[in-house]
Amino acid sequence: MPLLSVEDLRISFHQRDQTVEAVKGVSFALEAGRTLAIVGESGSGKSVTALSLTRLLPEPPNCRVTGAIRYQGRDVLGLDRRSLQALRGKEIAYVFQEPSSSLNPVFTVGAQIAEAVRLHLPEIKDVEAHVIRALEQVGIADAARRHTSYPHELSGGMQQRVMIAMALACRPKILVADEPTTALDVTIQKQIIDLLRDLKTSTGMSVILITHNFGIVRGFADDVAVMYRGLIVESGPTEEILSRPKHPYTQALIACIPRLGARQRRLATIDHAAIARALETKI
Amino acid sequence: MTDTAPVSSAPLLEVENLRVHYPLRGGLLRRVVDHVRAVDDVSFPGARGRTTGLVGESGSGKTTIGRALIKLAPITGGSIRFNGTELTTLSNREFLPFRKRVQMIFQDPFNSLNPRMTVEAIIREPLDIHFPKQGVAEKRERVAGLLRRVGLEPDHMHRYPHQFSGGQRQRIGIARALAVEPEFIICDEAVSALDVSVQAQVVNLLQDLQAELGLTYLFIAHDLAVVEHISDHVLVMHRGKLVESASAEEIYREPKADYTRKLLDAVPRL
Numbered sequence: 133m134p135l136l137s138v139e140d141l142r143i144s145f146h147q148r149d150q151t152v153e154a155v156k157g158v159s160f161a162l163e164a165g166r167t168l169a170i171v172g173e174s175g176s177g178k179s180v181t182a183l184s185l186t187r188l189l190p191e192p193p194n195c196r197v198t199g200a201i202r203y204q205g206r207d208v209l210g211l212d213r214r215s216l217q218a219l220r221g222k223e224i225a226y227v228f229q230e231p232s233s234s235l236n237p238v239f240t241v242g243a244q245i246a247e248a249v250r251l252h253l254p255e256i257k258d259v260e261a262h263v264i265r266a267l268e269q270v271g272i273a274d275a276a277r278r279h280t281s282y283p284h285e286l287s288g289g290m291q292q293r294v295m296i297a298m299a300l301a302c303r304p305k306i307l308v309a310d311e312p313t314t315a316l317d318v319t320i321q322k323q324i325i326d327l328l329r330d331l332k333t334s335t336g337m338s339v340i341l342i343t344h345n346f347g348i349v350r351g352f353a354d355d356v357a358v359m360y361r362g363l364i365v366e367s368g369p370t371e372e373i374l375s376r377p378k379h380p381y382t383q384a385l386i387a388c389i390p391r392l393g394a395r396q397r398r399l400a401t402i403d404h405a406a407i408a409r410a411l412e413t414k415i
Numbered sequence: 472m473t474d475t476a477p478v479s480s481a482p483l484l485e486v487e488n489l490r491v492h493y494p495l496r497g498g499l500l501r502r503v504v505d506h507v508r509a510v511d512d513v514s515f516p517g518a519r520g521r522t523t524g525l526v527g528e529s530g531s532g533k534t535t536i537g538r539a540l541i542k543l544a545p546i547t548g549g550s551i552r553f554n555g556t557e558l559t560t561l562s563n564r565e566f567l568p569f570r571k572r573v574q575m576i577f578q579d580p581f582n583s584l585n586p587r588m589t590v591e592a593i594i595r596e597p598l599d600i601h602f603p604k605q606g607v608a609e610k611r612e613r614v615a616g617l618l619r620r621v622g623l624e625p626d627h628m629h630r631y632p633h634q635f636s637g638g639q640r641q642r643i644g645i646a647r648a649l650a651v652e653p654e655f656i657i658c659d660e661a662v663s664a665l666d667v668s669v670q671a672q673v674v675n676l677l678q679d680l681q682a683e684l685g686l687t688y689l690f691i692a693h694d695l696a697v698v699e700h701i702s703d704h705v706l707v708m709h710r711g712k713l714v715e716s717a718s719a720e721e722i723y724r725e726p727k728a729d730y731t732r733k734l735l736d737a738v739p740r741l
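If you're matching them up, the sequences are chains A and B in order.
Add 132 to the 1-based position in the first sequence for this note's numbering, that's all there is to it.
Add 471 to the 1-based position in the second sequence for this note's numbering, that's all there is to it.
In short, the hints are calculated from the structure, not lab data.
As the structure is a computational prediction, the values presented were derived from the model and not from experiment.
Be aware that one or more of the hints could be misleading.
[Stated by the list, open to error] Heads up, simulated DSS-like pairs for lysine-lysine below, C-alpha to C-alpha not over 30 Å straight-line: (1) A:Lys322 <-> B:Lys733; (2) A:Lys332 <-> B:Lys542; (3) A:Lys222 <-> A:Lys156; (4) A:Lys322 <-> A:Lys257; (5) B:Lys727 <-> B:Lys712; (6) B:Lys733 <-> B:Lys712; (7) A:Lys378 <-> A:Lys332; (8) B:Lys542 <-> B:Lys712; (9) B:Lys712 <-> A:Lys322; (10) B:Lys727 <-> A:Lys322; (11) B:Lys712 <-> B:Lys604; (12) A:Lys156 <-> A:Lys305.
The task is simple: from the sequences and hints, build the whole structure.
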């Protein structure tokens with residue numbers, strides 16, 4: 133049995149008489165210890181899919197989620213508030229794109245990590261030591277001093293490390309990383325991806341990486357699901373998708389990334405009309 | 472323009488020993504104790520009709536260079552010559568004609584367009600400043616033409632920025648920059664906030680416009696792959712200093728500076 137399975141997930145948003153169907157029937161499964169990358173562009177539905185896994189979306193009637201989400205066999209969509217609290221952060225933890233807006237500016241980073249630890253791991257007596265270890269684990273030098281820093285005293289890369297430390301402090305089984313490196317410089321981006329890879333190996337947790345950039349997927353994710361306009365258009369092992377993409381959208385999305393040293397005259401672009409035709413013939 | 476006619480093979484832009492230092496004050500009397508050397512002794516040419524790429528991480532000084540070129544950052548030393556004219560010694564009044572010839576496209580199309588202005592008003596504003604004698608009908612015609620040129624519809628001029636996607640908004644920013652028929656455009660992280668497919672469209676558009684209008688670009692970005700793709704010549708900045716200056720091909724094939732190699736290594740391979 134997979135650790136997490138999603139079947140025919142549909143998510144729609146309702147406002148006055150307007151309805152937007154953001155996710156239109158998505159299915160995937162995540163085994164323990166595996167890494168799945170969900171790749172798609174703005175508006176593809178990848179982030180709402182990630183948020184729905186612990187029901188972080190608005191409540192009905194503004195938002196409706198149907199289908200099935202099973203975590204260790206339990207039906208997430210049927211959980212009560214208390215069970216959801218236990219699921220969020222403890223079992224499935226998140227790291228978001230913009231660390232500066234995810235951290236509370238008026239508390240020290242140590243206090244913010246400690247809050248999660250006290251809530252989810254009440255058996256831990258020396259919370260401070262646990263927090264310092266969590267910061268050391270994400271490569272923050274001098275963690276014993278750094279845990280009393282405020283977010284603004286840290287660089288963007290350091291802040292993202294703090295967010296990862298906070299997510300990992302409660303030893304979740306799944307880490308959902310939603311565009312964790314998009315706001316960071318390329319060299320810092322590489323450091324964060326390398327860090328996530330190391331942590332994945334050392335802790336054995338599963339990772340869901342949400343990204344618009346195929347570039348960071350290779351060498352990181354075992355499997356890839358490509359989302360386009362609320363649907364998964366293609367999924368499979370990373371190497372296979374990258375070297376032999378079958379769906380025209382996947383092919384186009386890979387082709388439009390500038391490559392170092394390629395000296396192309398022009399960049400490829402995506403012909404959305406052709407992809408719409410391909411989607412219609414398939415359904 | 473009234474400059475003495477320069478040889479057309481001379482670079483449009485010549486930057487020499489440019490310095491932008493910000494004073495750091497300290498102590499009881501707030502005396503200047505040190506300086507932040509945001510840009511330290513940077514020299515480069517900007518070849519006419521070509522793209523010069525400027526790459527570096529946050530805090531490397533790349534944006535400050537772009538801002539210094541249009542007098543938006545305080546220059547503490549060095550020289551900037553545009554088409555043979557020294558810019559650093561000009562008063563703000565004397566500088567005004569250059570504001571028309573040098574335009575800027577910013578990173579964030581969400582923050583660089585006024586949400587309360589229609590697209591027409593946004594694109595017309597630079598025309599009102601630099602072409603005050605033009606009539607309303609003529610300006611409207613120009614706005615329509617500019618929208619078409621950047622791949623939008625003339626009808627779009629009546630809409631507001633929030634009614635457009637990120638890529639479309641960046642096209643509006645490009646139309647605004649083109650409105651005054653500049654020779655030189657500074658693109659400061661102009662495609663960094665866009666999805667990869669939209670990024671490709673905007674990069675292609677910038678290249679088409681360059682071929683069509685003979686524009687000279689300074690393309691500032693942190694993504695080396697994009698910079699290498701669009702640029703003829705690449706400058707690498709690190710902590711306020713220029714660590715490497717080479718053709719786009721050389722920078723990829725035989726990078727000389729350690730820092731350039733580090734940047735190259737950080738680019739994900741597909």
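Each hint tested on the structure:
Proximity of Lys322 (chain A) to Lys733 (chain B) is assessed by CA-CA distance (about 11 Å); at most 30 Å being required, the pair is judged to hold. With a C-alpha separation of about 48 Å, the suggested pairing of Lys332 (chain A) with Lys542 (chain B) is violated against the 30 Å cut-off. Between the alpha carbons of Lys222 (chain A) and Lys156 (chain A) the distance comes to roughly 29 Å, so the proposed pair stays at or under 30 Å and holds. As the CA atoms of Lys322 (chain A) and Lys257 (chain A) are separated by approximately 35 Å, the hinted pair breaks the 30 Å bound.
Distance check on the hinted pair: Lys727 (chain B) and Lys712 (chain B) sit about 15 Å apart at the alpha-carbon level, within 30 Å; holds. Of the supplied pair hints, the one linking Lys733 (chain B) and Lys712 (chain B) holds, its CA atoms being roughly 16 Å apart against a limit of 30 Å. With a C-alpha separation of about 29 Å, the suggested pairing of Lys378 (chain A) with Lys332 (chain A) holds against the 30 Å cut-off. Restraint check for Lys542 (chain B) and Lys712 (chain B): satisfied, since their Cα atoms lie roughly 20 Å apart, inside the 30 Å limit.
Simply put, Lys712 (chain B) and Lys322 (chain A) have alpha-carbon atoms about 23 Å apart, close enough for the 30 Å limit, and the pair holds. For a cut-off of 30 Å, the pair hint linking Lys727 (chain B) to Lys322 (chain A) stands: about 21 Å separates their Cα positions. Straight-line distance between C-alpha atoms of Lys712 (chain B) and Lys604 (chain B) comes to about 44 Å, which puts the hinted pair past the 30 Å bound. The suggested pairing of Lys156 (chain A) with Lys305 (chain A) holds, with an alpha-carbon distance near 27 Å, which does not exceed 30 Å.
Violation of the numbered hints given earlier is confined to hints 2, 4 and 11; the remaining hints are satisfied by the structure.
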